[in-house]
Amino acid sequence: MKLNPPLPSTGATASTMGTEPRNVVLSRSPRQLAWARFTRDKKTVVAAVIVGIYVLLAIAAPILVALGVLNPYDNNQDLIANDSLPIGAFGGISWDHPFGVEPGLGRDTLSRIWFGLTFSFAIAIIGSFFAMLLGVVFGIIAGLTGGWVDYLIGRLIDLTLAFPQTLMLLALSSTVLGILTTVFFIPEGDLARAAYVILVLAVFGWVGVARVIRGQVLSIREREYIDAAKLIGASPMRRWFREVLPNLWAPILVQGTLILPAYISTEAALAYLNVSVQQPTPTLGNVLQDAVRYPVADFTYFIIPVLVLVILVVAFNLLGDGLRDALDPKGSR
Amino acid sequence: MSTPLLEVKDLTMHFPIRSRGLIPRTVGHVPAVDGVSFSIGAGEALGLVGESGSGKSTTGRLITRLHEPTSGQIIFDGQDIAGWTPRQLKPLRRDIQMIFQDPYTSLNPRHTVGEIIGAPLEIHKLVPKQGRLRRVQELLEIVGLNPEHYNRYPHEFSGGQRQRIGIARALTMQPRLLVADEPVSALDVSIQAQIINLMKDLQKEFNIAFLFIAHDLAIVRHFCPQIAVMYKGKIVENAPREELYTNPQHGYTRSLLSAVPDMRQAVVGGRRERIRYTGKEEVVTTTER
Ligand SMILES: Nc1ncnc2c1ncn2[C@@H]1O[C@H](COP(=O)(O)OP(=O)(O)OP(=O)(O)O)[C@@H](O)[C@H]1O
Ligand SMILES: [Mg+2]
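Chain order of the listed sequences is A and B. Mind the numbering: the first sequence is residues 1 to 333 in our numbering, read in order. Mind the numbering: the second sequence is residues 334 to 622 in our numbering, read in order.
These aren't lab readings, by the way, just hints derived from the structure by calculation. All C-beta atoms in this analysis are idealised placements derived from N, C-alpha and C, irrespective of residue type, glycine included. Heads up, some of the hints might be wrong.
[Said to hold, decoys possible] Simulated coverage check for chain B against chain A, where a stretch passes if three residues somewhere in it have a Cβ under 8 Å from a Cβ of chain A:
id, stretch
1, 430 to 441
2, 453 to 465
3, 481 to 492
4, 570 to 576
Taking the hints into account, I'd like the entire structure generated from these sequences.
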């Protein structure tokens, strides 16, 4: 059932088609196209490389500690002067201690920051995982159902946002830590404290994710290709899995890369408020918590962890933005 | 006239306005379509024209049963489908299809053209798996696209080409009625004629009936011998094209006509009268073949 003769109206198009080589069709999937856009953006590529290095460092740290290359726990009183500051210029920088040593105990700063990176990453990744899980599930449910379910989730989001977070998590930390150790049998100390931070990240973090995902689901549902799917007789299941879901992966990925650095800084803030994992176990947060006491007396010790954190957060955010631009260049389409 | 393919009787769609809350209440209604009646014979084309918000799209979406009407009858091929459930509608989907206005949001960016056009075959198990590609390529050729492009994604095509893909998808199941909701208004003027001619050819070739929705008369006059004018949810005039042009009965129709660029006046020059429709008037329907 072909149309013949060739349509006069479509002649223009048909003839241009004809001149095109028919066999060599260079076709790129949305993924390949996103990759091309991603690699075209220098800033994002640099950010991705930096993030990659950070991740590799965080993975390598425990191995290096086990091998004795890194020594985050050993005191070096011989490197500390009587005023409890490190001996030597720039916070006691030397071949053995490239970032200098900690004032007071004389522990190797590089080792503490490097190993601290591992703990900070672990906490932020687990926290992000649960925040994403809750956020994506609630966001999808709210976006798909609408009506009173959507309304309830919306109010739950408002309630979470209205919660005086900082105040409550300080006030509740001992109570919740108690519950974590007695009810959930999480060993007291670092594990329980890490679990508390993860809980805080997840409980307050899912809200933002849920909002974004809900908005995405609502906007995708309004697209005409969903109507087209209904019209060809696609079941609700098929519409959801074949039409909506494939368009959600990009925003989910972008959200993930954006909340991870946010959670690394949140851990630092919580450490400052004394609710995160405590010394001697290092995290970026508790190293910083100690370092900010010496902005003048030991500037090197102060500035290095700050730079490590700032570079990490900036690189992650640039990566997240770059990913969003690459995956979703027109904002919504 | 023998029994038409589609007969719409007193069709009404009142969208509820619902309050947001734990227990949403209906606080009012938008009477988008308000007692509309018309009919389309097999292989014929009816133009539905009216200003923005007059209820044209809603009418089209009611006929394709994307909406369930508040009241009225939609008699397709002798059966009233107005109250049918999704399950009852599924086999009917083969007969009534739609061409959408926006070629950018009407194709899923994550699916290849082959997947988009082939989906109906998969859902209705019309063609065995091995035959699907051949059918997809055949359809691509019918709508004037390169059949080798089945593996491409929508973003690789221009607006006009995307609209052809949308038309191919609608053709897959060999429908008897196509609702085309402003199928060219998102396209370049230079492309519009190509798409309209394509639809015209398809109509002739496959004997497909069309409900062609547009917001001005210029677009439909080459396509539809019969034109219905819609205003505020009602059809105010339904007449053969020539009659509508030479002797418009309703004030709103006259105002629509005055907006259509006139060749003779453009050549001769001089002032053109623009009529604004403001008041109420009797509904005038003249149908004659
Ligand atoms: N899903 C809906 N819920 C509530 N109101 C709706 C819905 N769809 C349409 N309406 C309302 O119904 C009326 C008619 O809309 P419709 O889209 O049918 O107009 P139209 O003639 O197609 O206009 P346009 O030329 O802008 O496409 C409008 O007032 C619109 O706001
Ligand atoms: Mg419309």
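_Violated hints - listed by number, lowest first_ = Going through the list in order, the structure violates hint 4 alone and respects the others.
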